[in-house]
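Q: The residues making up each chain are set out below.
2 protein chains.
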Amino acid sequence: MARTGRRKGSPDTKDAIVNAARDAFAERGFDGASIRGIATSAGVDPALVYHYFATKEELFLAVVGAPADPSVFLAEAVAGPADEMGVRIVRMFLKVWGDPTLGPALLALVRSGLAHEWSARMLREFATSQILRRITSRLDVPPDEAKLRASLVGSQIIGLGLARYLIKIEPLASLEPEQVAGLVGPTLQRYLTGPL
Amino acid sequence: MARTGRRKGSPDTKDAIVNAARDAFAERGFDGASIRGIATSAGVDPALVYHYFATKEELFLAVVGAPADPSVFLAEAVAGPADEMGVRIVRMFLKVWGDPTLGPALLALVRSGLAHEWSARMLREFATSQILRRITSRLDVPPDEAKLRASLVGSQIIGLGLARYLIKIEPLASLEPEQVAGLVGPTLQRYLTGPL
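Protein chains in written order, with this note's numbering: chain A, 772 to 967; chain B, 772 to 967.
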């Protein structure tokens, strides 16, 4: 089989895939970008993309430089009764942000995401496709309502992270995690399952 | 009277005052910095500082590059019944952020405030001394409780501004202001006057 111009596996190939993926995600978003299209742009076979990245999610997380897979740390918070999800989600985020190996990297992602139009788009895709959609996937509501509730949840989570860890507004910055969960949990709960 | 080394009024003098003020606010915060100390650092008489800046607030707003005086745009939202303040505050912020001459400048202030440790400190001083303190000044609660409520209000306002205008999470980014006020107003109301 002729494969003219198609590169074989090598560190350069992996870089080419990540670069092509960066362009594709920035132009078409997470949902709109395809492994096939990214492979074509990188001049490789789609199978080679899957050799490096098991899923489109994994490739996307590599592109945005996410220090961990949100599906892993979200699993516990999303499982369990929906009427206590608000508090569980706040607890989970405080745990991740407070983790010395994860927190600074995640906050750096948000910080750089806000610095440029291009990176803001990637941050939006990261927040919606990897975090918010997973949170509202458990809710028994129509898709448009789920998106609305997700965007409200996003506004409070982003603000909590920035106010507590980057801007450091007191006393919010120094409260114990359980206090914050008790104060902010009801806000998320209303956004998730309350009357809007 | 000998005034050796003290500069007279000139554009350079104004710059020297602003530079000295920047250091003072960064080191000691808005409350800790004094006009007298700033004048000494700049090598000028305190009266000359007041010649350029009528109040410490005005000098601070010049230092952080605020495009407008928050006391002006906050006045209407803070006045009126406390049990509807949440919705009024959301409306006011949406109006300011949506104003083509004010909004981009205010969002740029937040964006740059998040870029560095030093500017995060100035953003915190701006948020707490110029905005949040004014919002909670109307509440009839002890000072520590007012600070706690103010910091929670801050977390939701900052997150709303970033999610809607910088990260542009849909549908929150495209909703009409009145819809946003109806959705987010109750969150601020609980943070301001509700049981915590």
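Think of the hints as simulated: they come from the structure by calculation, not from any bench. One should not assume that every hint holds.
Keeping only pairs whose Cα atoms sit at most 27 Å apart, straight-line, the calculated DSSO-like set for lysine-lysine is [to be verified]:
{"#": "1", "chain 1": "B", "residue 1": "Lys866", "chain 2": "A", "residue 2": "Lys918"}
{"#": "2", "chain 1": "A", "residue 1": "Lys939", "chain 2": "B", "residue 2": "Lys827"}
{"#": "3", "chain 1": "B", "residue 1": "Lys866", "chain 2": "A", "residue 2": "Lys939"}
{"#": "4", "chain 1": "A", "residue 1": "Lys918", "chain 2": "B", "residue 2": "Lys939"}
{"#": "5", "chain 1": "B", "residue 1": "Lys827", "chain 2": "B", "residue 2": "Lys785"}
{"#": "6", "chain 1": "A", "residue 1": "Lys939", "chain 2": "B", "residue 2": "Lys939"}
{"#": "7", "chain 1": "B", "residue 1": "Lys939", "chain 2": "A", "residue 2": "Lys827"}
{"#": "8", "chain 1": "B", "residue 1": "Lys939", "chain 2": "A", "residue 2": "Lys866"}
{"#": "9", "chain 1": "B", "residue 1": "Lys827", "chain 2": "A", "residue 2": "Lys866"}
{"#": "10", "chain 1": "A", "residue 1": "Lys918", "chain 2": "A", "residue 2": "Lys866"}
{"#": "11", "chain 1": "A", "residue 1": "Lys939", "chain 2": "B", "residue 2": "Lys918"}
Between beta-carbon pairs, the in silico distance windows are [as the list claims (entries may be wrong)]:
{"#": "12", "chain 1": "B", "residue 1": "Gln950", "chain 2": "A", "residue 2": "Glu941", "range": "27 to 37 Å"}
{"#": "13", "chain 1": "A", "residue 1": "Ala850", "chain 2": "B", "residue 2": "Ala846", "range": "43 to 53 Å"}
{"#": "14", "chain 1": "A", "residue 1": "Glu829", "chain 2": "B", "residue 2": "Pro914", "range": "42 to 52 Å"}
{"#": "15", "chain 1": "A", "residue 1": "Ala944", "chain 2": "B", "residue 2": "Asp854", "range": "22 to 32 Å"}
Not everything, but these chain A residues come out facing chain B in the computed CB check (under 8 Å) [as the list claims (entries may be wrong)]:
{"#": "16", "residue": "Pro838"}
{"#": "17", "residue": "Ala839"}
{"#": "18", "residue": "Val843"}
{"#": "19", "residue": "Lys866"}
{"#": "20", "residue": "Leu894"}
{"#": "21", "residue": "Thr899"}
{"#": "22", "residue": "Ile929"}
{"#": "23", "residue": "Leu933"}
Just so you know, even glycine gets a beta-carbon here, dropped at the ideal spot from N, CA and C.
Q: Now tell me, hint by hint, if it's right for this structure.
A: Results for each hint:
Of the supplied pair hints, the one linking Lys866(B) and Lys918(A) holds, its CA atoms being roughly 24 Å apart against a limit of 27 Å. Among the hinted pairs, Lys939(A) with Lys827(B) is consistent with the structure: their alpha-carbon atoms are about 23 Å apart, no more than 27 Å. Straight-line distance between C-alpha atoms of Lys866(B) and Lys939(A) comes to about 26 Å, which keeps the hinted pair within the 27 Å bound. A hinted pair counts as satisfied when its Cα atoms are at most 27 Å apart, and Lys918(A) with Lys939(B) qualifies at roughly 13 Å.
Proposed proximity of Lys827(B) and Lys785(B) is supported: the alpha carbons are some 14 Å apart, at most 27 Å. Restraint check for Lys939(A) and Lys939(B): satisfied, since their Cα atoms lie roughly 23 Å apart, inside the 27 Å limit. Proximity of Lys939(B) to Lys827(A) is assessed by CA-CA distance (about 23 Å); at most 27 Å being required, the pair is judged to hold. Between the alpha carbons of Lys939(B) and Lys866(A) the distance comes to roughly 26 Å, so the proposed pair stays at or under 27 Å and holds.
Restraint check for Lys827(B) and Lys866(A): not satisfied, since their Cα atoms lie roughly 39 Å apart, outside the 27 Å limit. Proposed proximity of Lys918(A) and Lys866(A) is supported: the alpha carbons are some 25 Å apart, at most 27 Å. Under the criterion of a C-alpha separation no larger than 27 Å, the hint pairing Lys939(A) with Lys918(B) is consistent with the structure, at around 13 Å. Our hint of 27 to 37 Å for Gln950(B) and Glu941(A) holds, since their Cβ atoms are close to 32 Å apart.
For the pair Ala850(A) and Ala846(B), the beta carbons lie near 47 Å from each other, so the given range of 43 to 53 Å is met. For the pair Glu829(A) and Pro914(B), the beta carbons lie near 50 Å from each other, so the given range of 42 to 52 Å is met. In this structure, Ala944(A) and Asp854(B) meet the distance hint of 22 to 32 Å, their C-beta atoms being roughly 28 Å apart. The beta carbon of Pro838(A) is not positioned within 8 Å of any beta carbon in chain B (closest approach about 18 Å), and the interface hint is therefore violated.
Because the smallest distance between the Cβ of Ala839(A) and any Cβ of chain B comes to about 20 Å, over 8 Å, the interface hint for this residue is violated. At a threshold of 8 Å, the smallest CB-CB gap from Val843(A) to chain B is about 22 Å, leaving the interface hint violated. The beta carbon of Lys866(A) is not positioned within 8 Å of any beta carbon in chain B (closest approach about 17 Å), and the interface hint is therefore violated. Taking 8 Å as the C-beta cut-off, the interface hint given for Leu894(A) holds, the closest approach to chain B being about 6 Å.
The restraint placing Thr899(A) at the interface with chain B holds, with a minimum CB-CB distance near 6 Å, inside the 8 Å limit. Because the smallest distance between the Cβ of Ile929(A) and any Cβ of chain B comes to about 4 Å, under 8 Å, the interface hint for this residue holds. With a cut of 8 Å, the hint placing Leu933(A) at the interface with chain B holds, because the nearest CB-to-CB distance is about 6 Å.
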